[in-house]
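J.: Residue numbers (my numbering), protein chains in the order written: chain A, 8 to 329; chain B, 16 to 348.
Simulated from the structure, these hints should not be mistaken for laboratory data. Be a bit skeptical, because a hint or two may be false.
Unchecked claim - Pairs of lysine to aspartate or glutamate residues, derived as DMTMM-like cross-links and limited to a Cα-Cα distance of at most 20 angstroms, are as follows:
| # | chain 1 | residue 1 | chain 2 | residue 2 |
| --- | --- | --- | --- | --- |
| 1 | A | K228 | B | D335 |
| 2 | A | K228 | B | D51 |
| 3 | A | K54 | B | D168 |
| 4 | B | K173 | B | D51 |
| 5 | A | K54 | A | D36 |
| 6 | B | K301 | B | D335 |
| 7 | A | K146 | A | E215 |
| 8 | A | K228 | B | E338 |
| 9 | A | K301 | A | E27 |
| 10 | A | K301 | A | E285 |
| 11 | A | K301 | B | E156 |
| 12 | B | K173 | B | E156 |
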Amino acid sequence: MKLPCTTLLTDILGEMADNEAVVVRRLHDAIVAARHADGGWGYGADKAARLEPTSWALLALLDCGIRLPNSDLSGGVSSLSRWQQSNGLLSDAPHGMPNLAFNGLAALVLRRMQEQTVVNAPGDGHVETRLLEGIRATKGVRTGASTFNRQDNRLQGWPWVNRTFSWVEPTAWCLLALKKARRATSDGRFDARIDEGNRLLIDRCCREGGWNYGNSNMFGKELHPYVPTTAVALLALQDHRSAPEVSRSLRWIRENGNGESSGLALSLALILAHVYHEPNEGLERCLCDEIARKGSPANPATTAMALYALTGSHHAAAAVTI
Amino acid sequence: MRQQPSQSRPTRRQLLAAVPLTLLAACRRSPYNKADFVVAPQSTMALLPAASYSIDISNIISRGLDLLGLSVRGRRVLLKPNLVEYEAGMMINTNSMVIAAAIDALRRAGAGEVVVAEGPGHRRDTEYLLAASGLANLLQELRAPFVDLNLDDVRPTKLRSRFSGLEELSLPVEVLRSDFVVSMAKLKTHHWAGMTASMKNLFGVVPGAVYGWPKNFLHAHGIEECIIDLTATIRPAFTIVDAVVSMEGDGPIMGQPRNTGFLAMGTDLVAVDSTCARIIGLDPRKIGYLRVASQFLGNSEPGQIRQHGEPPTRFATTFDIVEPLRSLRLEGR
């Protein structure tokens, strides 16, 4: 189903170069077409609604000028609340475990909904409150001193799934979610987790700057950073710009941000550039070229991510800005 | 980043290797139902020379299928390669030319459909991995579909053995609906499990969107225990191990390429992996998951394995391995 552009999206498209507007319009149509009847999004049009694509698509709906009727936004919120477990965390797979990285992302979406007050679905604020509590209460496992790498294993960030080790992406997304909520609500309960999350990310920064998936070194070898992990870690540490690890990593991603040709890497690097007010024309061009060359991003999650990134000059990536 | 086990339990491998299966069984409910697993007295496999990736690998795979008497006619085949990470010049992944050759060989053998499917266990950005490795272009040329198992729909699946203590896993629908799963592994040392080949390759079917990247959930439940449980549950019909150029040293990511010059194929993954272990100088009886798997999943001893093609001695060598794994070496190697 294709919906007409709203005035807002038309304005956004009007400010873009023709080729970029074509890409953005294509992404918009793809997101709308991939929407499930229940209001959620899957990793493919024929796949079940899942947390990550639904969260990115809702963010696109909220911030990219796509104003579907409120009932459709409520459908997305309903998907999130349907997945909420008794501990507040969201789990999208039957008998599945909550994926903490995507829970952090979902918390940012719910916060953005509150900020925009475009949805007044019953109980959506309650869903956010419970989710944040679930995130606050979850920690990666603490272990003893490592014999095979240089890092502080006492620090507890967030794991991908409960009762496993802390990794960069879930830590970054959950940390960012708590920081956003902390700013909005002045809720001091989050402070200890925020402090530990900050320290874990700083501890895991690669020697050359940037972040690998979890460790910065192993068996005496320094590990290399990646664009997506570095981008999300820098988003989470945007309030620590004077830290040497942040400066070093920002320098690394300036030099390497368009070095991984994929919708995921380029979109996250571009979102980061919006948040840090970095020059982003090169990244925009790369992302547009990548999408134009491949026809479409890999899946609806990446499609929505790319749409959010390419319209960043309009919304300034406010949902992920502290 | 390295895949690492739950760091609080670093001795699972030693534990599994040291404790006889009978004792495990006596201590708790049997981890599998014996009636579910019938192992033939003898397994058959093929070791075929492949000096480089530029030769006609498709014909080698066809020859392997013929030697093993396998029919794939009309089958819905799922090729599960090992795609982990991309580093230029490194031999981390199943080579794209071997994957393309397998697609061609299986199609020529009459497969109804051939799908390539993988859920990279390290790199979350599958789109980048496919492009950087060159596989995306090859698959496009061959018009072969790729399914990212990390993002596929999932179905709760009861495990057929429970060495990990897990009763079920959410597994990708694409794997569950295939009727001929082929584990297309890369032969590498593995700094936690000793060696990775056709059995360890199955970690890639566990979906990252549910369990995260890397598959740390499996590590927390014991890498070797999960290797056994996944193999027992998925029961691939066939394996092709890419040992044209393998990886020695600090595998599975940061090791060094080593020319080994062969493809190993078979229907018994335990037999194929045990043979590969012996070829690179490791004793399968000292690799915990192979030792346990040889009790109920397949054959491991040379006398139980009928070799087609070349004898293992033709390719025998001794791989460099990280210090903690040196105890896994064959006597005298």
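J.: Quick one: which hint numbers does this structure break? Sort them smallest to largest.
T.: Failing hints, ascending: 2, 7, 10 and 12.
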